[in-house]
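Residue numbers (this note's numbering), protein chains in the order written: chain A, 1 to 324; chain B, 1 to 317.
Derived from the structure by calculation, the hints contain no laboratory data. Even for Gly, the Cβ is constructed at its ideal location relative to N, Cα and C. Fair warning: there could be bad hints in the mix.
The calculated EDC-like cross-link candidates involving lysine to aspartate or glutamate, where the alpha carbons are at most 20 Å apart (straight line), are [what the hints assert, rightly or not]:
id	chain 1	residue 1	chain 2	residue 2
1	A	Lys30	B	Asp134
2	B	Lys58	B	Asp48
3	B	Lys71	B	Asp37
4	B	Lys99	B	Asp37
5	B	Lys71	B	Asp48
6	A	Lys31	B	Asp40
Covered by chain B, per the in silico footprint, the following chain A stretches (three or more residues, Cβ under 8 Å) [to be verified]:
id	stretch
7	48-58
8	110-119
9	128-138
10	153-160
11	198-208
12	255-261
13	276-285
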Amino acid sequence: MSTVVAPLETGDLGTRPAPRYRFLRELVRKKIAMAAILFITIFYLAGIFAPWVSTSDPNYQRLTIEDRLDTPSSEHWFGTDGAGRDLYSRVVHSARTTLLFTLVVVLTGSLVLGLTLGLLAGYRGGYIDTAIMRVGEVLSGVPTLLLMLAISAAFRTRLNDVAFWLQDNTFLGDDARPIVFFLIIVLAALPFAWIGSARIVRSQVLAIREQEYVLAAETIGASTGRLLLRHIFPGVLPIFLVGLSASMGGIAGAEIALSYLGLGVDPSTPSFGTLLQNAGGVRTFQEYPHMLLVSGIPIILFFFSWNLLGDALVDIVEPRTHRR
Amino acid sequence: MSQGLAGYVIRRLLWTVPVIVAISILVFLLLRLAPQDPIDSLLGQRYDEEIAQRLRAKYGYDRPLHIQYLKYVQNLFQGDLGVSTKHGDFSVAEVIIPKIRVSAGMGIMAIILVFGLGIPVGVYAALVRGSFLDPLIIGFWLLIDSIPVFVSAVVAPWLFALQLGWVDLTYEGVLHPNIILPVFVMSLPGVAGVARLMRASVIQVSNEEYVRTARAKGLRERTVVVSHVVRNALLPMITAIGLSLPGLFAGSLFVELLFGIPGIARESLQAVLGFDFDVVLGLVLFGSVLFVLANILIDIAYGFIDPRIRITAARGG
């Protein structure tokens, strides 16, 4: 760190950034973190604009010998798979699936469930606290993937009929099946999505509620809702976001793992799980390495970016273990 | 204090019971309420209503749900986990115990590998912090952690077996050297987590006053690092063992699938897909109880190693 002595800040207090911006400033200073954010942004933007940036219908099959299992070319940037589908378009649409799944699970699981239960446990304490935390403890102790598999498998066949009914009787049409299957894996992920954030929120609430300004607000008769929302929640937010960033990769990974096993999204929905499953085993990789590489490298970089960003954020929040 | 610890452990154990019961009911209902049952999956194409009825009566699937559950629990208390419909009526214990042996063997090797690598890496990263080496080392292991097991379980065999010819891919038992590659593939993603935790722990301990005292009284740097810093920094690693278990299960699932290893994770996937009721339930219960007990044991061990924890544990439990 450069050791230029800053002139004493006399008077001009207005230009000093508020503490909440310190967080952002430190983040901007970290080049690795910025690179990670850049890649994540590109990945998500590709997902949002998938229909526009893709060069072909991701499910369009070209079942001629010339078009199947093509290596990357100017026509098919990432090559084609065994059914002659354009892999670039499939990867971009898979990013869309990843984005959508993460968004829904984070909003419902981490944000709504996790934040509410965490605030409740931390603020109310006592019996409610013990109950919430013990349930979370045991849920995080069971083999998560196994339980998710069981939930997904149990609902898939049952909701198949529902999907067909929706297809015939509502405006959803052909989209009904993908949507129902998508909701099943969201449902399978939810029981586990709230635990991490609830734990973080709770510990923060416990620390903050002892602070004097909270006591002061309590003394002048602020309502519980106002106390939680105006005084405790803003203090919880930074650490909550750090915890969230650490869990983003894992949430996306759950969908990919389930789809890889054939218990995830509908086969008509492109997903990195099905892409990697199609890229096959050792022999397929030997013959057609492009299939695994073009779908594997983007998702590895995606996980890597979230890992790096999470690491950098922890570094900022925990200055004691600072890199410098 | 030991009485406080006992009370703490008992309270935690008592809390485990309702939650395990809840999980078992949940999984039980999940399986029974699915429109498919083991009989459908058993008969498949040769489905015949009369045979199906008779088979359902034989396994008791035609009775009311709560009777089925109570019967299951009753049998459970007699050590009977039920039968596997998919494996020709072998008892669940007969089906899963050999597979538990395989997976447990691999799991123990994996844990040794994860911590055997992660701890030195973390210590080293902490010692060189401030230089470019620290982010480089941690970044490297974070990259390894970012590779999904079902990608590395394809690329690693391709490289080490097909290209280099160093290893053979056939499964010859847990004690055969062929197991090395799959164990590496399932363990390496876990190293980053342990290394990061160890790094943070070493840095934290380095700031303690007794470390400064040790340096001040002129001990060699080596002695300070090894016997003052690292020894104390190892404490939080014990909890990391418990935290790493679910991840290892997920990793082992793909490794067992792609390397063709007859372990518990692969069996659980097949049982879920085949609606092998009792096997799924048995495995979920086994897994849950194992993880919960492991975490409680770790807490107790923690208390024994670091007496400061015991007091707060007894108070806070």
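Hints, verified against the model:
1. Between Lys30(A) and Asp134(B), the direct Cα distance comes to roughly 14 Å. Compliance with the 20 Å bound is thereby established for this hinted pair.
2. Our distance criterion of 20 Å between C-alpha atoms is met by Lys58(B) and Asp48(B), whose separation comes to about 15 Å.
3. Of the pairs offered as hints, the one joining Lys71(B) and Asp37(B) holds, with about 18 Å between alpha carbons and a cut-off of 20 Å not exceeded.
4. For a cut-off of 20 Å, the pair hint linking Lys99(B) to Asp37(B) is broken: about 24 Å separates their Cα positions.
5. A C-alpha spacing of about 27 Å is found between Lys71(B) and Asp48(B), which places the hinted pair above 20 Å, so the restraint is violated.
6. A threshold of 20 Å between alpha carbons decides the hint, and for Lys31(A) with Asp40(B) the separation of about 57 Å lies outside it, so the pair is violated.
7. With 0 residues bearing a CB less than 8 Å from a CB of chain B, the stretch 48-58 of chain A misses the requirement of three and the coverage assertion fails.
8. For the stretch 110-119 of chain A, the proposed coverage by chain B is not satisfied: 0 residues have a C-beta within less than 8 Å of a C-beta in that chain, short of the threshold of three.
9. For the stretch 128-138 of chain A, the stated coverage by chain B is satisfied: 5 residues place a CB nearer than 8 Å to a CB of that chain, which reaches the threshold of 3.
10. Counting residues of the stretch 153-160 of chain A whose CB lies closer than 8 Å to any CB of chain B gives 5, so the stated coverage by that chain holds, three being the minimum.
11. Under the rule that three or more residues need a Cβ within less than 8 Å of chain B, the assignment of the stretch 198-208 of chain A is violated, with 0 such residues.
12. Residue count for the stretch 255-261 of chain A with a Cβ under 8 Å from a Cβ of chain B: 4. That meets the three needed, and the coverage hint holds.
13. Note: the stretch 276-285 of chain A has 7 residues with beta-carbon separation from chain B under 8 Å; the three-residue rule is met and the coverage holds.
Hint compliance for this structure: hints 4, 5, 6, 7, 8, 11 are not met, and every other hint is.
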